[in-house]
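Trainee: Place chain C on chain Y using the hints.
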Amino acid sequence: MFSKRKFSLICLALALAMFAAGCKKKVPAPAPPPPPPPVVVPEAPKPAAPTVAQFTAEPTSIQRGQTSTLRWEVTGSVTSVSIDQGLGTVQSTGSNRVNPSDSTTYTLTATGPGGSITGSATVNVSAPPPPPPIEETKPTVTIDQAIASNVQDAYFDYDKTDIRSDARDVLSKDAAALKSILADFPNASIVVEGHCDERGSAEYNLGLGDRRASAAKEFLQGLGVSADRLKTISYGKERPQCTEQNESCWQKNRRVHFAAGQ
Amino acid sequence: MKKPIWFAVASAGALFVLMAQDARIIVTKGGIPAIAIPDFHGAGDAQKFMAAFNETLSADVKACGRFKIVAKTSLPTFVPQQPADFQQPTPPPAAPPTGGRKKQQPQPVVPPTGGGRWMQDWSSPPAQANFLAFGYTAPQNGVLVLQGWLYDLSKDTPANAQLIGKRYLATVDEAGARKIAHEFAADIITLFGGQSLFGTHIYFTSDRTGHKEIWMMDPDGKNQRQITRFNSISTYPTPSPDGSKVAFTSWVKGQPAIFVFSVDPVRDLRYYNQAASVNQAGSFTPDGKQIVYASSAGTGRCCRIFAANLDGTGFRPISSSSTIEVEPKVNPKTGTDIVFSSGRSGPQQVYRMSMDGADLERLTPGIGEASNASWHPDGQRIAFAWTQGYATGAFNIFTMNVATKEYVQLTHGDGKNENPSWAPDGVHIAFAKTRGRSSQIYTMLADGTQLQPLTSLGQNERPVWGR
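Those protein sequences? They're chains Y and C, same order as listed. With my numbering, letter number 185 in the first sequence gets 185, and the count goes up by one each step, no holes. With my numbering, letter number 93 in the second sequence gets 93, and the count goes up by one each step, no holes.
Here chain Y stands alone, though its shape is the one from the complex:
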């Protein structure tokens, strides 16, 4: 069959050659077809070396103290997989959290019948930023806030400067609060303001306010509040808390009030 075809091909070629020669010029012989590929006789299959399909660290950068996860997957014929840096022998697929203290390159070695192969993954460890310089511990409240929320006004009777029993209770609590505030604010001083209602004459009330502030200061001093950090200012009736003309308002104005010193 093969020879028949070859023969017919040759005949065809000859016919074409004669026709062509008879018409024009001599046609060159056609180029020989390429040879068929050599037949490879397959050898007996040699076992392939294992492949490291994955070996990563996630994340690759950590701060000291944080952890990173190593993930690996080895394919192919494997007899053993190990990771250095103390991880030792591992399974062909797996993960492990590591927290190196310094930048570390992990090397995975996979060994099989076909040989060994390695892969590496690096975890970069950065040192944490330096702490801020040590400052004085600042209280979170201002002294004004501390006074406003912890120190109460003490009230007085009309044209009187002695400490009433209710004012005694208030000032006792104030003493504790003021000591605490003065400890928290070692450079601060406290102003003990003396106030009056509007009814007396202005100058006389200035005297009354002065005596109320002094009486409160002495009372606090008796309870251990440092006297040299308490300064009295009488405002008389010049700075009323309340401006209505009734007893409840007047009572509000007959007071000793506390404020932060300048």
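One thing to keep in mind: the hints can contain errors.
As the list claims (entries may be wrong) - Once the Cα atoms are required to be at most 20 angstroms apart in a straight line, the calculated SDA-like pairs of lysine to any residue come out as:
{"hint": "1", "chain 1": "Y", "residue 1": "K160", "chain 2": "C", "residue 2": "P347"}
{"hint": "2", "chain 1": "Y", "residue 1": "K231", "chain 2": "C", "residue 2": "Q255"}
{"hint": "3", "chain 1": "Y", "residue 1": "K231", "chain 2": "C", "residue 2": "G254"}
{"hint": "4", "chain 1": "Y", "residue 1": "K160", "chain 2": "C", "residue 2": "A391"}
{"hint": "5", "chain 1": "Y", "residue 1": "K160", "chain 2": "C", "residue 2": "G368"}
Think of the hints as simulated: they come from the structure by calculation, not from any bench.
Mentor: This is chain C only, laid out in the frame that chain Y set:
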């Protein structure tokens, strides 16, 4: 200078006799003479300042308390501007001058008048004035000129009637118009034994800027100007006797302390405060060389009365009480005694002592609260604030003869009336009236009449009348 005054007083005296005989016509209140002050007119550019002029002239003459001002609606329609505008009255049968009108009006059945051209037009009903102020203003060579006359209408002719005939000069502006009005009014007031308040000032405290500051103004409330700008509390002003300085109390440095300022120009004269929780200004001595004040110095308790030099040196306590003693006011006539407020017998009362602290006596009888003593210029009377007869804090103004301790009540409720201060004329009193939440400064006559509000912006208090 003494002669014309004597003449005027004598003529006024004669007038009172006349009024007493003919009470039907004039006397409305204690024989006070009636003065007609028609609106003056100005030539050319002067006219636009005449509203201020006329207002000032009338207000000053009225404020002196020595006249009844005739209502302008009662005045004749023709207003003489100079002596030549007066005419001799025509005898009754003759027709009054009509100014040459074409139409002949039928004669009304009223007494004949000159429409203002005759002196008697001003002295007879409805005007019924005893005196007439008239004149005019005109700009001349860049100067505002007032020609002012005062006539005694009881005289028979203009020539005999003239009490004042004078030229006054000022700048051609509203301030100038007010100035010549004040000066003309001052001459009229002086002629009748009064003392013009023109040139005096009322010092006071106002919070109109948002802070209590020291202010000053003219006695009619004009020319209000700010002295301190501390943006703190500055109050309790007290002027020096010559008006060149004002002492006051301020919180600008923390605790209340005394300051002394010159007034014109405004300058801090640097008063040295002795260490104390309270130093508060009181008053100057009449020689203007010392200040008496109240201080907590020494005792640590406000306050004793002290005296010191004007710069704060040489301070020494005068009173020795352990109670509150404040508001020292030195007798302006003698300089030897002090009135002040003290709580030594309970609620504050007005006391008097000598400059060395001796001869102490309580002036008020111990009822209610009494304070704010202020000397009359004669050094014999005080004005003060007292709650006697009223609720606590409801002060009213009283005056008291210091020798006899007899007192007179000038205000009667209608809010709180306090801080009286006598004017240099001894006739007027400035004080603070608080109604509701509004405190304003008023003047009145020392008999409690002629209440005049001077302030309206912000809260105004603590008036002190000075030079």
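Trainee: Which hints from the list above does the structure break, by number from lowest to highest?
Mentor: none
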